[in-house]
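Asks: Chain residues, written in single-letter form:
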Amino acid sequence: MNQASSPLPSDIAKLSFEDALAELEKLVKQLEDGKAKLDDAIGAYERGALLKRHCEAKLREAQARIEQIATTEAGVSLTPFKP
Amino acid sequence: MAKTTAAPPPAPNLFDAPRPGSNLPEFSVSDLSRQLKRTVEETFGLVRVRGEIGSCKLHSSGHMYLSLKDETAVLDAVCWKGQVSKLGLRPEVGMDVICTGKLTTYMGSSKYQMVIESMALAGVGALLKMLEERKKKLAAEGLFDPARKQLLPYLPEVIGVVTSPTGAVIRDILHRLADRFPRRVLVWPVAVQGEAAAAQVVAALRGFNALPLDGPVPRPDVLIVARGGGSVEDLMPFNDESVVRAVADSMIPIISAVGHETDTTLIDYAADVRAPTPTAAAEIAVPVRDNLLAQVLDDGARLNGAMLRMTRERKEKLALLSRALGDPARATEPLMQRLDERAERLALAWQGCFTRARGRLAEASGKLRHPRDLVQLAAQRLQHQTHRLQSGGRERLFQADKRLERLTTLLEALSPRAVLGRGYGLVYDAQGHLVTHAAAMKRGDKVRIELQDGTRGASVED
Chain G
1 MNQASSPLPS DIAKLSFEDA LAELEKLVKQ LEDGKAKLDD AIGAYERGAL LKRHCEAKLR
61 EAQARIEQIA TTEAGVSLTP FKP
Chain P
1001 MAKTTAAPPP APNLFDAPRP GSNLPEFSVS DLSRQLKRTV EETFGLVRVR GEIGSCKLHS
1061 SGHMYLSLKD ETAVLDAVCW KGQVSKLGLR PEVGMDVICT GKLTTYMGSS KYQMVIESMA
1121 LAGVGALLKM LEERKKKLAA EGLFDPARKQ LLPYLPEVIG VVTSPTGAVI RDILHRLADR
1181 FPRRVLVWPV AVQGEAAAAQ VVAALRGFNA LPLDGPVPRP DVLIVARGGG SVEDLMPFND
1241 ESVVRAVADS MIPIISAVGH ETDTTLIDYA ADVRAPTPTA AAEIAVPVRD NLLAQVLDDG
1301 ARLNGAMLRM TRERKEKLAL LSRALGDPAR ATEPLMQRLD ERAERLALAW QGCFTRARGR
1361 LAEASGKLRH PRDLVQLAAQ RLQHQTHRLQ SGGRERLFQA DKRLERLTTL LEALSPRAVL
1421 GRGYGLVYDA QGHLVTHAAA MKRGDKVRIE LQDGTRGASV ED
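Those protein sequences? They're chains G and P, same order as listed. Everything in the first sequence is counted per the working numbering, starting at 1 for the first residue and increasing by one. Everything in the second sequence is counted per the working numbering, starting at 1001 for the first residue and increasing by one.
Think of the hints as simulated: they come from the structure by calculation, not from any bench. One should not assume that every hint holds.
[To be verified] Computed Cβ-Cβ distance ranges for the label pairs, DEER-style:
| hint | chain 1 | residue 1 | chain 2 | residue 2 | range |
| --- | --- | --- | --- | --- | --- |
| 1 | G | P9 | P | L1318 | 28 to 36 Å |
| 2 | P | A1191 | G | K82 | 55 to 63 Å |
| 3 | G | E25 | P | P1212 | 32 to 40 Å |
| 4 | G | K37 | P | D1249 | 25 to 33 Å |
| 5 | G | Q63 | P | E1042 | 39 to 47 Å |
| 6 | P | T1311 | G | E25 | 37 to 45 Å |
| 7 | P | D1249 | G | E25 | 29 to 37 Å |
| 8 | G | D19 | P | E1141 | 40 to 48 Å |
| 9 | P | G1094 | G | E25 | 32 to 40 Å |
| 10 | P | S1033 | G | K82 | 42 to 50 Å |
[Unchecked claim] With a straight-line Cα cutoff of 30 Å, these simulated BS3-like cross-link-like pairs (lysine-lysine) come out:
| hint | chain 1 | residue 1 | chain 2 | residue 2 |
| --- | --- | --- | --- | --- |
| 11 | G | K14 | G | K26 |
| 12 | P | K1315 | G | K26 |
| 13 | P | K1446 | P | K1402 |
| 14 | G | K37 | P | K1317 |
| 15 | G | K37 | P | K1315 |
| 16 | G | K14 | P | K1149 |
| 17 | P | K1317 | G | K26 |
| 18 | G | K26 | P | K1149 |
| 19 | G | K35 | P | K1057 |
| 20 | P | K1317 | G | K29 |
| 21 | P | K1057 | P | K1102 |
[To be verified] Below, a sample of chain P positions facing chain G; criterion: calculated Cβ distance under 10 Å:
| hint | residue |
| --- | --- |
| 22 | F1181 |
| 23 | D1249 |
| 24 | Q1295 |
All C-beta atoms in this analysis are idealised placements derived from N, C-alpha and C, irrespective of residue type, glycine included.
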């Protein structure tokens, strides 16, 4: 597990994986272009690093959990699934 | 394969022609037929065959004898009494059907045939015609419009699966999901064939959609409706109008995976994405985690690399520019030189000007006599004049002196005083006037008489 050294800013933490990945790719391309102003580039780099951490965490925390829906009078509930 | 029996060789007769076939096994008709039967049954087992019914005879025994044909071949088939009633359709000559069953041989007449277990209409059968009409009607309602299709989430957190809880389908899906990207999966168990299937599938779809977003049972981000392959009849619940509508109504994106790749049901048209198989549905539902992880790590590395490269490039550019800019001292050197030159010229100009001025001054100074000199000069002139004066004066004085002496002598000779010496006197009235006439005096006038050695007062008596 990649333990985050510090909590992610909330605006990044609430990004979906795909949005975070898309933004990360955009920042990478932007930086690789090398046309950005240095200040902007540093900002992009720092944000990119956070996005990468967020994406990586989302991927590493993935864990299978299989449940079965049981319908009763009261509504739906979950029971462990055994195929 | 039968093995060649290796008989102990007798005395070989090299010159005899071998008897043909002597080294081939010898079968009885039954043995061969039995082996053939086993080979056919083992090789083909269960098959699905599509063909047109060429002949069809229901025997009094209850068994049905048919032939299936296409352009070039004919296949005999039999459907035993017990299966005939379960076929669900009445086979007729000319029907395009798909039969499922086993291949076997009939040893009694050197024939092979198919034992039909199930039969379904193929091609433009009545069922398909009915489905085609239903499809047209639902399409006209817009249920299959591309505009209705929802985008699948790139990485769903929770996946809902509507399928039978037993069998290969759910196992295939779970297995493939675990391989690609382990996720939370909610299985909504349903019957996937038979009378109850359609209603259960509708209930499951509506049930998933009815889940609150933040309830105890999480609402899936994507749904998979799956079923394994089967006959058209088996798949019929997935052609059910209520199921198609439930799929079209779903707010959660749906992947349909019903039957084999060649099977198409109406929910495939209504679903957001159609997967050819349940396994493919799992592949469509989630990306491969390892690939994404590699991509993210690669992005991170590229990010670092780009940043390093960028700072290095800036540094190099700065160095380059610094070199181009050069030493500030060197930049000012030409200016300094110009300044020096100008300063020198200025100094020279000043000096020239000064020199000229001094020259003029000197010239002017030369003309200007110092007062002392002037005084001296004047003094000299004075002295000179004085000298001249003195020398001239002395001469004249001498001359004058002589003259004076002469005149004095003359004067003394003529002076009354000299007469006085000889006894004469001078008489002065009271006013000091010389009295030369006696008539000018009256009696009693006071007079003064001057004699040779002085004057004395006297009064006139007569």
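Asks: All hints are to be evaluated individually against the structure, with a verdict given for each.
Replies: Status of each hint after checking the structure:
The supplied range of 28 to 36 Å is met by P9(G) and L1318(P), whose beta-carbon atoms lie about 32 Å from each other. Between A1191(P) and K82(G) the C-beta distance comes to about 18 Å, which lies outside the given range of 55 to 63 Å. For the pair E25(G) and P1212(P), the beta carbons lie near 34 Å from each other, so the given range of 32 to 40 Å is met. In this structure, K37(G) and D1249(P) break the distance hint of 25 to 33 Å, their C-beta atoms being roughly 51 Å apart.
Look at Q63(G) against E1042(P): about 45 Å separates their beta carbons, and that is inside 39 to 47 Å. A C-beta distance of roughly 21 Å is found between T1311(P) and E25(G), which places it outside the suggested range of 37 to 45 Å. Between D1249(P) and E25(G) the CB atoms are about 35 Å apart, so this pair conforms to the stated range of 29 to 37 Å. Separated by about 35 Å at the C-beta atoms, D19(G) and E1141(P) break the suggested range of 40 to 48 Å.
For the pair G1094(P) and E25(G), the supplied restraint of 32 to 40 Å is violated, since their beta-carbon distance comes to about 60 Å. At about 48 Å, the beta-carbon gap between S1033(P) and K82(G) stays in the expected band of 42 to 50 Å. For the suggested pair K14(G) and K26(G), the alpha carbons sit about 18 Å apart, so the restraint of at most 30 Å is met. Using a Cα cut-off of 30 Å, the hinted pair K1315(P) and K26(G) holds, with the two alpha carbons roughly 25 Å apart.
Between K1446(P) and K1402(P), the direct Cα distance comes to roughly 42 Å. Violation of the 30 Å bound is thereby established for this hinted pair. The straight-line distance between the Cα atoms of K37(G) and K1317(P) is roughly 14 Å, inside the 30 Å bound, and the hint therefore holds. Pair hint K37(G) plus K1315(P) holds up; C-alpha atoms about 14 Å apart against a cutoff of 30 Å. About 26 Å separates the Cα atoms of K14(G) and K1149(P), which keeps this hinted pair within 30 Å; it holds.
As the CA atoms of K1317(P) and K26(G) are separated by approximately 25 Å, the hinted pair is consistent with the 30 Å bound. A hinted pair counts as satisfied when its Cα atoms are at most 30 Å apart, and K26(G) with K1149(P) qualifies at roughly 27 Å. At most 30 Å may separate the alpha-carbon atoms for a hinted pair to count; K35(G) and K1057(P) exceed this at roughly 83 Å. At roughly 21 Å between alpha-carbon atoms, K1317(P) and K29(G) fall within 30 Å of each other, so this suggested pair holds.
In summary, the hint linking K1057(P) to K1102(P) is supported, as the alpha carbons are separated by about 19 Å, within the 30 Å threshold. Interface hint at F1181(P): satisfied, since its Cβ lies 6 Å from the closest Cβ of chain G, which is below the 10 Å cut-off. Contact between D1249(P) and chain G, as hinted, is not supported at the beta carbon level, the nearest pair being about 18 Å apart and thus beyond 10 Å. With its C-beta approaching chain G no nearer than about 7 Å, Q1295(P) sits inside the 10 Å limit, and its interface hint holds.
Going through the hint list in order, the structure does not satisfy hints 2, 4, 6, 8, 9, 13, 19, 23.
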